[in-house]
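Kindly generate the complete structure, drawing on both the sequences and the hints.
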Amino acid sequence: MTAAAYGPPAPTPPTVVAPPRAVPNRARRWRRNLTFDKISLFVVFLGLPLALYVTFVVSPLIQAVSYSFTDWSGFSPNFKPVGLANYLKILSDDTFVKAMRNNTLLAVIVPLIIIVLSLALATMVTVGGASTGQIRGIRAAGFYRVISFFPYAVPAIITGIMWNLIFDPSSGLVNGVLTRMGFSNFKSFPWLGSVRTAMPTMMFVIVWGFVGFYMVLFIAAIKGIPAEIFEAARIDGAGRLRTAWSITIPLIRENVQTAYIYLGIMAIDAFVYAQALNPQGGPENSTLTMSQELLSTAFQKGQFGVACAMGVVMGLMTLLFAGIVFTINRVTGGKDRITLA
Amino acid sequence: MENTSFGRRTLLTGSLAAAALVPLASCATGGGTSSGAGSSAAASSADNPFGMASSGTIDAVIFNGGYKTDYVDFAGTQLTKKFPGVTVKVSPSTQIAQELQPRFVGGNPPDIVDNSGAQQIGMSTIVDQLEDLTSVLNANNYEGKKIADSVFASAIKASGTFNGKLAAMNYAMTVYAYWYSASLFKANNWTPPKTWAEALDLGAKAKAAGKYLLLFGKEAATYYLTTLIASAIMEGGDDVRKNFENLKPDCYSQQSVVDSFKGLEAIIKAGYMKPGGSGTQFTAAQSQWSNAQEALLYPSGGWIENEMKSQTKADFQMTGINEFTVTSSPKMPASSLHAEAGEPFIVPSKGKNVAGGKEVLRAMLSKDAATNFASTRLALTVVKGAAPAESAMSTALKSQSDLLSKAGNNTFSWQFISYYGLNKENLVVMNSFLEGQMSADDARKGLQGIVNKAAADTSKPKLQVS
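Protein chains in written order, with the working numbering: chain A, 1 to 341; chain B, 1 to 466.
The hints are simulated quantities; they were obtained by calculation from the structure and are not laboratory data. Misleading hints may appear alongside valid ones.
[Claimed, not checked] Pairs of lysine-lysine, BS3-like flavour, derived with a Cα cap of 27 Å:
no., chain 1, residue 1, chain 2, residue 2
1, A, Lys89, B, Lys460
2, B, Lys145, B, Lys406
3, B, Lys211, A, Lys187
4, B, Lys352, B, Lys157
5, B, Lys460, A, Lys80
6, A, Lys80, B, Lys165
7, B, Lys313, A, Lys187
8, B, Lys445, A, Lys98
9, A, Lys89, B, Lys445
10, B, Lys453, A, Lys80
11, A, Lys89, B, Lys462
12, B, Lys453, A, Lys98
13, B, Lys242, B, Lys460
14, A, Lys89, B, Lys248
15, B, Lys460, A, Lys98
16, B, Lys367, B, Lys82
17, B, Lys269, A, Lys187
18, A, Lys80, B, Lys462
19, A, Lys89, B, Lys453
20, A, Lys187, B, Lys207
21, B, Lys205, A, Lys187
The structure displayed is predicted, hence computed values, not measured ones.
Now the structure itself:
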């Protein structure tokens with residue numbers, strides 16, 4: 001992943017000297033070398049995955065889209081086309097619109113928090129250490145790395161169940177600690193059952209679960225930056241914040257973008273966390289996600305056509321999210337790629 | 001500064017976009033066509049009323065929940081004794097809808113299904129593909145008595161009839177009640193209340209003893225809606241029930257409904273409902289009642305004893321009482337009871353051995369199998385007189401049995417919430433109401449909105465109840 005951040009790794013054609021690192025005769029060379037070895041490589045590493053991808057991703061996807069224009073109940077082989085009725089139905093349905101809003105909120109806030117936090121942590125354990133001598137992280141950096149990766153090693157559903165118990169109004173750890181500290185109005189306070197706190201609580205749990213992973217991702221990216229650059233910045237008198245803002249972030253920009261998009265995909269789904277913390281959708285549906293609504297529409301209400309339409313909307317929202325992230329990155333200067341070669 | 005050919009980066013961008021589409025794939029399934037049609041063909045006789053073939057297997061998919069599945073194995077053994085060439089293959093499942101959805105679509109459903117549990121298939125979706133089970137009621141059981149006469153036929157019909165067709169045969173008899181600890185009540189000299197007003201009085205005594213009157217858990221907040229509707233039906237008579245079943249636009253504005261909601265609201269306002277329920281997992285909440293005894297009463301179906309078995313205080317003496325009425329002289333007799341036949345068994349018409357599916361039901365509804373169920377599961381079946389011996393019954397089971405015999409023919413139940421799948425939406429409103437964040441009037445308005453939405457949905461055939 002880090003390689004992508006600096007552009008394609010320099011190819012090693014011995015004779016090419018053209019100024020831009022282009023490879024003019026690549027195509028010709030390619031055809032000449034089409035050996036059995038190469039073909040078998042393509043079959044195994046390109047054909048097979050592609051076949052699997054078409055069978056298990058593309059074809060169900062097309063099916064889902066086509067079912068979304070029918071009134072299929074899901075339990076009989078019969079259905080008839082209904083045009084856009086399913087889409088009109090879900091977009092005028094208060095509950096689904098509410099779920100869309102919740103997912104949008106998640107997609108805006110959760111990736112931002114996770115990335116800021118994990119970037120800060122990654123900077124600290126890699127380059128945030130003593131300001132003399134070799135560039136290094138804070139003391140016991142390895143220990144913190146392991147510790148903060150732990151939550152990611154716990155399956156999401158376990159994370160959800162665990163925090164559900166920690167936030168339990170009567171016997172949970174949070175209220176226990178708060179009331180012991182003298183905040184008596186937290187006695188029996190329903191963190192996951194009150195409209196104002198349910199969503200932030202869920203966001204907190206998601207952030208807790210993901211920060212460690214993205215920290216490790218960013219550590220790998222930062223380690224790819226030559227230490228000399230940081231040393232040079234230090235000699236020029238740049239502080240830690242300035243170094244992070246002007247050196248680290250621009251150099252790992254593409255990693256941040258990728259992380260943002262993965263987190264967005266996760267936030268627009270968020271099924272496991274929502275289902276573990278508030279399977280019924282939370283107070284006033286404040287933590288209801290589209291995926292939860294999709295599940296109950298399909299299997300409990302027996303409206304697979306409508307459920308497929310919900311799936312399509314989810315997919316489109318994810319695409320839109322990715323598009324927005326790409327655009328923002330480009331507009332804010334992501335196109336002026338910095339290469340280190 | 002850089003040449004722009006189709007590079008790795010563009011490829012990466014493309015694959016990211018593709019990855020973004022993955023959630024789309026989440027709801028796709030194949031939709032094959034089917035042949036169906038039963039293969040069995042034997043002449044029907046009094047001994048073989050459904051004309052089951054003399055050899056073969058019967059494919060049974062049974063919900064593996066609180067009752068497990070071996071009671072069906074037992075019935076299968078009885079069946080094999082009578083028809084030596086036939087065996088029953090029982091497959092346990094906890095995800096009925098997910099597991100059977102492709103089989104219904106593909107036209108090869110099992111011969112008999114126990115369509116129960118949280119993942120049950122909504123009846124409105126499959127009712128057209130199910131056999132009418134009236135023929136089972138009309139057949140004789142293995143003792144030679146007509147089944148219709150040896151079971152709680154009215155409860156079976158009330159819970160299993162969909163637009164005139166008996167599509168589900170419910171096997172277990174569930175009594176809805178308020179449950180309390182007889183030992184705790186005795187020690188404190190409390191008497192179980194009969195009306196909402198008496199309940200409010202008891203709430204004051206509970207508070208004096210440092211306890212709450214009631215509590216709830218977030219996934220089970222609608223247990224209170226169940227008890228409110230039951231209270232309203234007892235108070236206002238059977239018309240109240242019919243208005244709900246027919247999704248009338250003013251069903252939650254009926255006077256007896258308004259009064260019941262007011263009754264519960266007074267208890268919540270007085271602070272006798274334990275706060276925090278909307279954030280508490282329901283079994284955790286229930287153990288605060290059965291183990292920590294932080295509240296006196298809990299409304300639930302008769303499964304509560306089994307569910308909380310490992311988390312009930314020693315010598316709790318769980319006992320059930322009728323749900324509260326609004327006044328002391330309700331329209332229906334005060335002993336009338338919300339009792340429902342549960343565990344719906346269905347026989348899909350496209351199964352390979354439809355007659356076999358019905359034959360399994362016939363075996364289950366015979367005395368041996370029913371007695372086996374009652375004495376091993378400690379729960380009642382719809383078969384009359386198959387209750388376990390008095391000495392083998394727990395206090396909770398005994399009170400179910402007593403409530404049921406006192407009610408006689410005055411039992412009632414309703415289908416609209418499960419039929420239209422409204423429970424999930426109702427939960428949202430009930431959680432806010434029970435937590436005290438919503439007034440009774442707003443709660444009724446919210447619940448009415450859910451009913452109105454179901455009524456306006458033209459994609460589903462409506463239940464007609466008269």
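Here is what the structure says about each hint:
1. A:Lys89 with B:Lys460: Answer holds: A:Lys89 to B:Lys460 is near 14 Å, not above 27 Å.
2. B:Lys145 with B:Lys406: Between B:Lys145 and B:Lys406 the Cα gap is close to 25 Å, so the pair holds against 27 Å.
3. B:Lys211 with A:Lys187: holds, 15 Å
4. B:Lys352 with B:Lys157: holds, 26 Å
5. B:Lys460 with A:Lys80: holds, 14 Å
6. A:Lys80 with B:Lys165: holds, 25 Å
7. B:Lys313 with A:Lys187: Answer holds: B:Lys313 to A:Lys187 is near 24 Å, not above 27 Å.
8. B:Lys445 with A:Lys98: Holds: B:Lys445 and A:Lys98 sit about 19 Å apart, inside 27 Å.
9. A:Lys89 with B:Lys445: Answer holds: A:Lys89 to B:Lys445 is near 22 Å, not above 27 Å.
10. B:Lys453 with A:Lys80: holds, 23 Å
11. A:Lys89 with B:Lys462: holds, 19 Å
12. B:Lys453 with A:Lys98: holds, 16 Å
13. B:Lys242 with B:Lys460: holds, 19 Å
14. A:Lys89 with B:Lys248: Holds, at about 22 Å.
15. B:Lys460 with A:Lys98: Distance of about 24 Å is within 27 Å: holds.
16. B:Lys367 with B:Lys82: holds, 14 Å
17. B:Lys269 with A:Lys187: holds, 18 Å
18. A:Lys80 with B:Lys462: Judged against 27 Å, a Cα distance of about 20 Å means the pair holds.
19. A:Lys89 with B:Lys453: Since the Cα atoms of A:Lys89 and B:Lys453 sit roughly 11 Å apart, the hinted pair holds (cutoff 27 Å).
20. A:Lys187 with B:Lys207: holds, 16 Å
21. B:Lys205 with A:Lys187: Holds: B:Lys205 and A:Lys187 sit about 22 Å apart, inside 27 Å.
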